[in-house]
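Whole structure, please, built from the sequences with the hints as guidance.
Residue numbers for the sequence shown follow the working numbering, so the first one is 820 and each next one is one higher.
Mixed in with the good hints, there may be bad ones.
Unchecked claim - Simulated crosslink set (DSS-like; lysine-lysine; CA at most 30 Å straight-line):
| hint | residue 1 | residue 2 |
| --- | --- | --- |
| 1 | 824 | 1018 |
| 2 | 824 | 1127 |
| 3 | 1110 | 852 |
| 4 | 888 | 876 |
| 5 | 1076 | 1110 |
| 6 | 821 | 852 |
| 7 | 876 | 852 |
It should be emphasised that the hints constitute simulated quantities derived from the structure, not laboratory data.
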Amino acid sequence: MKALKAYAPASIGNVSLGFDVLGAALAPVDGSKLGDEVEIQAADTFSLEVTGPFAHKLPGDVSSNIVTKCYHFFCEEMQKAGRAASPVALTLHKNLPIGSGLGSSASSIVAAFTALNAYFDNPFDKDTLLTMMGELEGQISGSVHYDNVAPCYLGGMTLMTGAHSPVTLSLPLNDDWYYAICYSGISVSTAAARDILPKQVDMATALTFGRQLGVFVHALHAKDFALAASVMNDVIAEPYRKSLLPGFDEARAFSEKVGALAFGISGSGPTVFAVCSSKAQAEEVSAYLSKHYVQNEDGFSHVCQIPKAGTQVAVQ
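Pasting the structure below:
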């Protein structure tokens, strides 16, 4: 059996207007990696090593690491399918900050499942793997949702169907859009960010949400990208979650001042993103965010686009 490495990119959950049903993968335009990696090779007994710039933020007990849980879950599903799984040695390169709103847990989960599936000769199809990924993600966030795992795994911008198959649909991309993304350096737990939301929304908000999402999907297919950008407004989560994000209103105001097409919270935050019509505009917003939105040495900013490809597997 070959040693493999799977790289799973960061992602934007919700993309402002699609709470829990819309997501997009991220790729820095300078070629730097923004995502977790999992290496896999044969071993006599299972083991997990954790390295990388954010490894120290994870629990020291690897048995509680989500990648360990992915391995055991994968073995259970293999047994149900009448197939055997052997012990492996895994290494998680934790490159994404925890509680960042960049799909950190999803990236680890997707990289782990993709590496395991490739190592054992691809016993599970994409929808089956996505269902497994969503279930493990739900163990962390408190509910099963695919707005990070789907784009992280498949790439592009994805719309969740709510069905077992297909789990997600790919939406058309605008190759001229750039995304200035900035992680402030603080941590916001997904569970806490969900708890701050109201349990119900009023009729007017529900209608606005549905209208915006419908118009957005239509506009992308029609290549009317100005119309698509005009409805990228979060009426569900942002009014409540922005209170958790120091400097959010000022960052939005600057982005609007320089002509950004849209501005919002990536997933549960604290990462924010601005949709820009040019690379130069995205670089201007990114520079502002680096100076004014970053709170500590863990923070960073990148100019990204949405990659067409998701998780990549390479033979070691």
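Going through the numbered hints above, which ones does this structure break? Give me the numbers in ascending order. 1
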